[in-house]
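Asker: Sequence:
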Amino acid sequence: MAATAMALHLTPSAVSQQLAGLARDVGVPLLAKQGRGVRLTAEARLLLEHADAVLAQLERARADLRAHHAGEVGTVRVGAFATAVAALVAPALSILRAAHPRLELMIHEIEAPACFSALDNQQLDLVVTVEYRGGPRRNDPRYYRWALLEDPLDVALPAGHHLARPATVDLADLATERWITGTPEHPCTDIALAACAASGFAADVAHQTNDWTAVLALVAAGAGVALVPRLARASNPVEDAISWRPVNGRPARSIYAAVRAGSETTPVLHRTLSALRTAAQAPSP
33 MAATAMALHL
43 TPSAVSQQLA
53 GLARDVGVPL
63 LAKQGRGVRL
73 TAEARLLLEH
83 ADAVLAQLER
93 ARADLRAHHA
103 GEVGTVRVGA
113 FATAVAALVA
123 PALSILRAAH
133 PRLELMIHEI
143 EAPACFSALD
153 NQQLDLVVTV
163 EYRGGPRRND
173 PRYYRWALLE
183 DPLDVALPAG
193 HHLARPATVD
203 LADLATERWI
213 TGTPEHPCTD
223 IALAACAASG
233 FAADVAHQTN
243 DWTAVLALVA
253 AGAGVALVPR
263 LARASNPVED
273 AISWRPVNGR
283 PARSIYAAVR
293 AGSETTPVLH
303 RTLSALRTAA
313 QAPSP
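Here the sequence shown is numbered in the working numbering, starting from 33 and rising by one per residue.
A few of these clues could be false.
[What the hints assert, rightly or not] What follows is a list of derived Cβ distance ranges for each label pair: (1) GLN155 <-> LEU54: 39 to 47 Å; (2) GLY192 <-> GLY166: 33 to 41 Å; (3) GLY232 <-> GLU141: 16 to 24 Å; (4) ALA234 <-> ALA114: 25 to 33 Å; (5) ALA293 <-> LEU54: 43 to 51 Å; (6) THR73 <-> PRO44: 12 to 20 Å; (7) ALA74 <-> PRO44: 19 to 27 Å; (8) ASP202 <-> GLU141: 29 to 37 Å; (9) ALA255 <-> ILE139: 31 to 39 Å.
Derived by calculation from the structure, the hints in this document are not laboratory data. Don't be surprised by glycine CBs; every beta carbon is placed ideally from N, CA and C.
Turn these sequences into a full structure, and let the hints guide you.
Answerer: Written out as structure tokens, the structure is:
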């Protein structure tokens, strides 16, 4: 016992207490008296055969903890609207997998304002959303925000429309057209209607849907015109039936990421935010 204590830089009493505690944990005696000293029992020798494996597992656990602290390991629950999932979150996931393969994203499609309720209730760790009427202010102390991009809205016209020839379009020239928009609560509806109002007319809204594939199908069918975010063009199944033109004045939606204030320094969140920004800076297809 004295030799063991000396090797471990402990007192014999401390070694004795630790061995007694281990014996209680495993439920078998580990020491037996032998003359003026002690010897290991058969049970202790059996336990000793597992020591290297136990110590190796402990080292793996320590390595995992260090990696988690460094942002190499962990799970981030990300909420985003559908277009952002396809155009930003999925590319960010690929970036993270390449650089940090043990950092996992769990992705949930969710729109504003529900995404902020989920963030507040700690059901999500990070949200990708857009500026919208009634949404959090830019300086809201509850959130840390990271601007990702300004997503311009182009006008989608049926192929052969007379305004498909100019390089850009003035919305005022579309004042007599029938319009396809989202429902009143959709953020892009506000942007589209405000852009029309700024051009001096109230849009004649004939159809409403929040599904960009449906919007583009209606445009292709000649049911009207629409202002569509560039990121949503990837959902276009009828490219040949639609003409796209930039709009003078460049209406756009502001896309940003948000986390609970104070959590932005968490390594896994910081890495995820950085990957989202990299994805946002990638050239549009």
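Asker: Each hint: holds or not?
Answerer: Evaluation of the provided hints:
1. GLN155 <-> LEU54: 39 to 47 Å: holds (42 Å)
2. GLY192 <-> GLY166: 33 to 41 Å: Roughly 39 Å apart at Cβ, these two residues keep to the hinted range, so it holds.
3. GLY232 <-> GLU141: 16 to 24 Å: violated (37 Å)
4. ALA234 <-> ALA114: 25 to 33 Å: holds (28 Å)
5. ALA293 <-> LEU54: 43 to 51 Å: With Cβ atoms ~46 Å apart, the hint holds.
6. THR73 <-> PRO44: 12 to 20 Å: holds (19 Å)
7. ALA74 <-> PRO44: 19 to 27 Å: holds (23 Å)
8. ASP202 <-> GLU141: 29 to 37 Å: holds (35 Å)
9. ALA255 <-> ILE139: 31 to 39 Å: holds (33 Å)
Hint 3 alone, counting from the list given before, is not met by this structure.
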